[in-house]
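Enquirer: When you get a sec, could you build the whole thing from the sequences and use the hints?
Protein chains: 2
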Amino acid sequence: MDNPAIQTNQDFLYEQVADDIVSMIEAGSFRLGDRIPSVRELSRRRGVSITTVMQAYRSLEDKGYIEARPQSGYYVRLRQSPGLPTPEPISRAALYPAEISVQKLVMKIFHDQLIPGMVQFGAALPDPDLLPTARLNRLLASVSRKPDFRQNACGIVEGCDELRVQVAQHSYQYGCHLAPEDILITSGCVEAMSLALQATCKPGDTVAIESPTYFTLLQMLESQGLRALEIPTHPETGISVEALRFAIEHHPVRACLFITNFNNPLGCLMPDERKAEMVALLAEHEIPLIEDDINGELYFSGRRPNVAKAYDKKGLVLLCSSFSKDISPSYRVGWIVPGRYKDEIERLKLVSNISPPILTQLAIAEFLAGGGYDHHLRTIRKAYAKKTACMADAVLRHFPPGTAVSSPQGGFVLWVQMAKTVDALAMYTQALKLGITIVPGHVFSPSAGYRHFIRLNTAAWSDQTAWAVQRLGTLAAQLEKTH
Amino acid sequence: MDNPAIQTNQDFLYEQVADDIVSMIEAGSFRLGDRIPSVRELSRRRGVSITTVMQAYRSLEDKGYIEARPQSGYYVRLRQSPGLPTPEPISRAALYPAEISVQKLVMKIFHDQLIPGMVQFGAALPDPDLLPTARLNRLLASVSRKPDFRQNACGIVEGCDELRVQVAQHSYQYGCHLAPEDILITSGCVEAMSLALQATCKPGDTVAIESPTYFTLLQMLESQGLRALEIPTHPETGISVEALRFAIEHHPVRACLFITNFNNPLGCLMPDERKAEMVALLAEHEIPLIEDDINGELYFSGRRPNVAKAYDKKGLVLLCSSFSKDISPSYRVGWIVPGRYKDEIERLKLVSNISPPILTQLAIAEFLAGGGYDHHLRTIRKAYAKKTACMADAVLRHFPPGTAVSSPQGGFVLWVQMAKTVDALAMYTQALKLGITIVPGHVFSPSAGYRHFIRLNTAAWSDQTAWAVQRLGTLAAQLEKTH
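One line per chain: the protein sequences are A and B, in this order.
Following this note's numbering, the numbering of the first sequence begins with 170 at its first residue and continues without gaps.
Following this note's numbering, the numbering of the second sequence begins with 170 at its first residue and continues without gaps.
Rather than coming from a laboratory, the hints here were simulated on the basis of the structure.
Treat the numbers as computed from the prediction; the structure is a model and nothing was measured.
Mimicking SDA-like on lysine to any residue, the simulated pairs with C-alpha atoms at most 20 Å apart in a straight line are: (1) K551/A / E210/B; (2) K315/A / P297/B; (3) K483/B / A196/A; (4) K371/A / D374/B; (5) K315/B / L283/A; (6) K277/A / E515/B; (7) K315/B / R314/A; (8) K551/A / R213/B; (9) K483/A / A196/B; (10) K315/A / D298/B; (11) K371/A / G373/B; (12) K277/B / V326/A; (13) K371/B / G394/A; (14) K371/A / Q388/B; (15) K482/B / A196/A; (16) K511/A / A196/B; (17) K371/A / Q388/A; (18) K482/A / D188/B; (19) K277/A / R319/B; (20) K277/A / E350/B; (21) K511/A / Q272/B; (22) K315/A / A310/B; (23) K315/B / D296/A; (24) K315/B / S311/A; (25) K555/A / S576/A; (26) K511/B / Q388/A; (27) K315/A / P301/B; (28) K315/A / I284/B; (29) K551/B / E210/A; (30) K277/B / R319/A; (31) K511/B / L274/A; (32) K315/B / G286/A; (33) K482/A / A452/A; (34) K511/A / Q388/B; (35) K273/B / G508/A; (36) K315/B / A310/A; (37) K589/B / L565/B.
Expert: Now the structure itself:
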């Protein structure tokens, strides 16, 4: 590729140079207005003469690909030749595939959240107006100005001390008395869960999960070669200890993976007494529990529910959470309290990516230390409780009779059960065309048992998006009949 | 843990509340000057009366743990009781373990880089004075002020477009013509390599590696249950294609994991023709190559060497790199060009941590787009070439006769071979006591064949640290004799 043989003739050489530039422009590596490499630079780089490069650039100018700007260099210009089709945004082109596997569907759900102008009832993203983005970003700017030798290192595997102290201080609110060294900072809750699974299981092992449960966790199990054992989950009180006992006695359960507070998608809450009972049962069998508490702060009434970790006497509970629901989804800061698996998790973290960036951790730590976090939480709890109630009400009003909705006690997702004849995947595809994202029930269970369910992100509910629930209701009615 | 039974007497209750606070103070969750929960807050939380909490707080005041500040609350105070030992910083306490496994040693090397005041010849960290930290942080502050709806999302699995475009534009310099969609952004090069291994191998598979090679890669293989097959590596020209051919013909090599440009720790450079030959050989056998090019920009003379990816016609090369050596180690931004494994890498990325934070990616993209990156690279290349030459010279002057050093052609590590009687691990431990970090050769090979080698970070060379090389030389002489 480098240093083309000297004997090739000059014409061929300049055409090759020109073709390479065209291919990079067409691939989008150089875009409208970008400066391309200087003549000298490219000449040195390709081992061809200045003349050859100039000849190549002149031919590109003639064809309208680039323009020379005096004293500055060559730039990609807007081509007006009729040959090129008007490009579609990539995200649009991939919107309506003929067939979708669950894996591809999950990937699409993550991409859908980034299509501008959509009503985002799909991914469980917080309401942007309920995030302290401006304040957090100011703190980020402020911590980045302070000289800190840790900025010159590739990271602290266990995470920065300031943030671990804050998480520890907060932990008494959910029934724990954690020390900073009990905590490891991760790149979000997903990373915490992924490390926890790697630390406790080997490929081929069986993991007990709730049904329905968060689709990313199912993808994670699949990717790690683990079997999922579905435990029926009560829509208001979560996993029953009896069902779990039965499962443990009849299956080689290596670990449990539960969202104990406000399961996604059900919004159900396992009562604290039952958590204690469950932890005792698992301790008896030496089975680790990977606990996802990402929604724990977002209770609608009463007090902060405890985590199962609060009842853990043997270090068997790996508590995972993050600040993605209440402070910032895009900072990607989470944590894990790994109990007896601490060394293993630290080792796995090191070979996964060493650590998250230091500045984002410090900004979150400052946010927590600065006071006002509890006040912020009170505000958003109220707002999400209201949004969820309004949306549930709207679904019941606008969807066909017989539609049922969950009664979430926290978090911000709503689980909607429609008539068995409604295919949620068809609804997903048609809703996208209307500018509305949703998540079809298919992805919440490995046995694909929820094909007539959808999950809605209630954080996106507002007077401005109310129309979309109405449209979804109409869609449900059509799909119910045309079956 | 919650709501202790009502029948316990009042005395017991307040003591329990007080004990919990003490244990959190002693664990470091509440530190000197921190405000502890208010009386009302804790009363509500614990389900005990205001009187009980007040009684508990009064007893803590009496014992000197906390102090009341009018109109403000209760704060942790400096205890002056003689009972507590003066605490040592945690990082110090763990400095001199009696026995070290390779795994623990690697973890310690990562921790050593964060001990203030040490001469950092250990971890291969860039010279802080050669990082554009202030400018980068200003860009971070600036991108964080721009409204960007992506800040409200949990991430773009493939990474942000702005940065992918920059990486693509730069790729012609190392012999590639990449399109932005060929590239996925990762949390550093380590994550890129880890995902690449997961995408190409299954536990039990054999991976060909250089010998010696970067210790984190060995830890990664171990953690993924992979076997390492060591290919002898020439200290100046890297892997020989003949040796690799022999290995492939005699072992079930599933993938290769090579640092083609400026191997760590050797600093050797595989000639471009040989890379082409190697890629052709691997293509013939359909064996993927995971290529670490993290040092590629840091050549000391001549021109930017190509990557093996430049010769890849079958999509079998997974090119991995990052900005940790030249722009910022703590931003944790890297990338992968995964070829035919793109879908699989994207899927693995999603279930690992979804994506890196958006703001750090955007800041790096702005840095690259703003111009001056090439100039910055020219400056640091010269500086690292000089530092490396000076340090090599100093080692040869101050270490015992017979000591040999590598001749790095890029990067900033030096590989030092001492007399066989010198135990590099003993040297590591004693150097730490002198305030100098180094990396003992033990960790660069799964067969522990480099026990009388050390790796030095030449980025930390300066007139101010020259004394440390002299001390290490004296240490080597002592260890050579006392054996």
